[in-house]
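Participant: Sequence:
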Amino acid sequence: MTIKSDRWIREMAREQGMIEPFEPGQVRQRGDQRLISYGTSSYGYDVRCSREFKVFTNIHSATVDPKNFDEDSFVHVESDVCVIPPNSFALASTVEYFRIPRNVLTVCLGKSTYARCGIIVNGTPMEPEWEGHVTLEFSNTTTLPAKIYAEEGVAQMLFFESDEECETSYADRGGKYQGQRGVTLPRA
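Here my numbering is used: the first residue of the sequence shown is 3, the next is one more, and so on.
These aren't lab readings, by the way, just hints derived from the structure by calculation.
Bear in mind the structure is a predicted one, so any value in this text is a computation, not a measurement.
Some hints could be false.
[Stated by the list, open to error] In the DSS-like style, the derived pairs of lysine-lysine whose C-alpha atoms are separated by at most 30 Å in a straight line are: (1) K6 / K178; (2) K69 / K6; (3) K149 / K113; (4) K6 / K113; (5) K178 / K69.
Taking the hints into account, I'd like the entire structure generated from these sequences.
Facilitator: Okay, here's the thing in structure tokens:
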């Protein structure tokens, strides 16, 4: 497997619609406003999160169960900024919709700007032929409230291309998160 460069990312976005909407360069400013950067980087793509957040709350003293997830464990927030309580987490989805080629595996890593603030960004790998908005988890590991900014860079996607196609892709398996839009909660 080889990691793919900015040139490859631009070609795949243009020719195969791999990332929509797509930003071919790095965006660091909007008017007079400084932004946490997003767009194509040297060997990856910095994604943005949308304005829809689901913030974890334990007001019902629920048990977190991936096989029987209680949606009441989240407070729905639509805003340009999401405040995550101390030692808690929030879910958001990327602005970008992805269509991963059959011979590519995509890995999500948090941006250093957030990591330096004690915010861990978790996104699972995007398997060959997976498509959809990526649901991201932001863990606030601090004892203070933490902010996440919508429509700004939050994580970087790295693309690894294999010299051969996989035998069975995510689409072939009929994966349960195929084509997801917006924040998607766990499905058993």
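Participant: Compare the structure with each hint and give your call.
Facilitator: Going down the list of hints, with the structure as the test:
| no. | hint | verdict |
| --- | --- | --- |
| 1 | K6 / K178 | holds, 27 Å |
| 2 | K69 / K6 | violated, 36 Å |
| 3 | K149 / K113 | holds, 14 Å |
| 4 | K6 / K113 | holds, 18 Å |
| 5 | K178 / K69 | holds, 13 Å |
Violated hint: 2 only; the structure is consistent with all others.
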